[in-house]
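S.K.: The listed protein sequences correspond, in order, to chains A and B.
Residue 144 in my numbering sits at position 144 of the first sequence, and the numbers go up by one each step.
Residue 238 in my numbering sits at position 29 of the second sequence, and the numbers go up by one each step.
Treat the hints as calculated values from the structure; they're not laboratory data.
Note that the Cβ used here is the ideal one computed from N, Cα and C, for glycine as well.
All the pointers check out, no bait thrown in.
Okay, the calculated bits of chain B under chain A, using three or more residues with CB under 8 Å as the criterion: (1) 256 to 262; (2) 274 to 286.
Derived CB-CB ranges, DEER-like: (3) Met55/A / Thr269/B: 27 to 37 Å; (4) Pro148/A / Phe219/B: 27 to 37 Å; (5) Ser65/A / Ile216/B: 29 to 39 Å; (6) Leu271/B / Gly62/A: 29 to 39 Å; (7) Gln265/B / Leu67/A: 20 to 30 Å.
To list a few chain B residues with every Cβ distance to chain A over 10 Å, as calculated: (8) Pro238; (9) Thr239; (10) Trp240; (11) Met241; (12) Arg242; (13) Ile244; (14) Asn246.
Chain residues, written in single-letter form:
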Amino acid sequence: MSTTTKQISLPVTVPIGGIGHTGQLRQFYGLFAREMIKTFRNPWVIAMTLIQPFMWLAFFGGMMSQLPTAQLDQFLLRAPAGTSYLSFLLPGVLATGMMSIGMFGSMSTIQDKRFGFMKRILITPTSKATVYLSKALGSAMRGLVQIPVMLVAALAFGVHLQGDPLTWAAWILGLVFLGIGFSAFFLAITSSSTDWQTRGSLRTSSRCR
Amino acid sequence: MADPGVIANFITVPLMFASGAMFPASIYPTWMRDIANVNPVGFSAQLSRSVLTYGQFTSTDLAYLGYLAFFALLMVLAGTALASRYLRVE
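Produce the entire structure from the sequences given, and follow the hints as far as they go.
M.R.: Dropping the structure here:
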């Protein structure tokens, strides 16, 4: 009975994330995929994303749509005759929805800190910039969920949608840019924060740790 | 940063109302129109409205799209620089 010790040789280049930019790209992809999975597995995330713009469309739009046509035409200056206030409001609701989506992104970052995920991911060679970018882009992509839902809601409310595929690509691209910009902005200003209880309220507390 | 919720409210509410998203910015008082003239929310709303509501796409809309691309790029670059320095682990 011979006991041969098996020599285990580790490869010199340990492929844990790799070294340099190529590794960061792979880590970015993994973290971005995590954001997507987290979004689409949890229907509540999507529901939270949709409630606010839908409320605006239903209540604010419903309230305004009962104004007399003369007043509406006076307000909606460029509108051709017969343009409803809802069709005027829909693009605005989509844009404001994309702005507020960044707040959900920074909330989920704070959750990651609280549950220790951020600590674990930053022990690996993943850079802070990679974590940040995956969060920001993931948050912007989450905002895109509202577009098809709001369009269907608007159609159900009787809005006629114009445009052709090319111009549709242009306005959707504009919304993507807006979402990326605001997600990046909110994540940056809250990147040093760990507070999640007081989000959205006007409380002037300092961080509770 | 003291309280992100407070900061977020201070930013989203003015940008939402001073944008032309709910009403045309032409009926605003001057100080609100000044905000609307640099507000990316308003530019995005204008761009979408041109296409979806009025069925047109002018050179102004192309400029809006360019402004939005510039806004996104600027925020991502500035944010990456800030986050790689100030991102706290817990």
